[in-house]
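2 protein chains.
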Amino acid sequence: MAQRSGATAQPIRTAVTADEGIDFSIIELMYFAYRDFTSDPDQILAEYGFGRAHHRVLHFVNRLPGLTVAELLDVLKITKQSLARVLKQLIDAGYIVQVQGPRDRRQRELYPTPKGRTLTLALARPQSRRIHAALEGAGETERAGIERFLKAMVNPELRAQIDHLPGNTPGKDHGE
Amino acid sequence: MAQRSGATAQPIRTAVTADEGIDFSIIELMYFAYRDFTSDPDQILAEYGFGRAHHRVLHFVNRLPGLTVAELLDVLKITKQSLARVLKQLIDAGYIVQVQGPRDRRQRELYPTPKGRTLTLALARPQSRRIHAALEGAGETERAGIERFLKAMVNPELRAQIDHLPGNTPGKDHGE
DNA sequence: AATTTATGTCAACAGTGCTGACATAAATTG
DNA sequence: CAATTTATGTCAGCACTGTTGACATAAATT
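Residue numbers (the working numbering), protein chains in the order written: chain A, 1 to 176; chain B, 1001 to 1176.
It is worth saying that the hints were derived from the structure and are not from the lab.
Glycine included, every Cβ here is placed at the ideal spot set by N, Cα and C.
Hints are all accurate, no fakes.
Computed footprint of chain A on chain B, listed as stretches where at least three residues anywhere in the stretch have a Cβ under 8 Å from a Cβ of chain A: (1) 1111-1121; (2) 1128-1138; (3) 1162-1168.
Derived coverage of chain A by chain B (criterion: at least 3 residues anywhere in the stretch with Cβ under 8 Å from a Cβ of chain B; other residues may be distant): (4) 14-24; (5) 33-40; (6) 64-76; (7) 118-125; (8) 132-138; (9) 160-167.
With the hints as constraints, model all of the structure from the sequences given.
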């Protein structure tokens, strides 16, 4: 048994539900949804000896080809070392190439290779299928509502970043 | 330089957008939304020397007080060892207590202590605030659409499990 | 010429998944 | 009752991905 300092802590036998108006349903739905959403690409990645971090790098290099290392760090909000590890592997394995920056030769522009593009699409396909299935029967209004919700879950300072990604409707954040 | 097997892999300079009808917008929205959604509790947990895994255990023990270790494993879909590590720490620190199962004395029913309940609510609060903010101006229809979407993102076999959590509207999955 | 910036790299550590093996106590079965 | 199965705990070790801090180089800027 674990050491007890004073009185025995009594077990609470009632479930938390909507205490203080806390939204437990959506909290746990976010957890379950994200877990299963990532499970398909995770399986594919494992075959290549890659992980989720490789997926993210591949994804954004394909979405923003030519972005620099610093820009990628800013999108992912991870440290240089976390990125360096996976980026090196992706470059060595021929999924991504670096091109010296044209203006600033210190910069390394990152581009996918055909192989990198192919893998990215293969990873996106099951996720997109899952999304389509989840949107089955939903109208344009409902889809818009879901996109609005997800975007509003992101930290406000970072929402502009999302708008700069190709094919995204710029922020109808609060009016404007 | 990395070894190159044959021809130099040419960098692809065009962004992936809606290739093959793939839904990149929602794919990356899910990533950004979940990342920021977990950031607030992560910060609090760090003060306690806990991580995200502790949060999940605390959450479900509070949502389903008295559930057994096996049931918790089934909800989280992790291995015994992954759970054991964090559960032991939560018990030793007095956030969770084990009670011998009444019918089956091999089972350990898990309950939050008052301390555990308090921490769980503190972790849920910022997440719930974020959700409320994201739903600002949304009607009941829109909220329902979002819940439907998130639930449909979960693997079908597991959706029933979600319905058993307190305060959740049982599955209008496809008819029924 | 000196400083700053963009990138790369090394070492070390933490959290949380995983596998496989083994131990114990309690329940179930033949 | 004896044998088996089940629920749980625990040990060792590994992988992935995040962290910090330090240091090196080349190129741009001041």
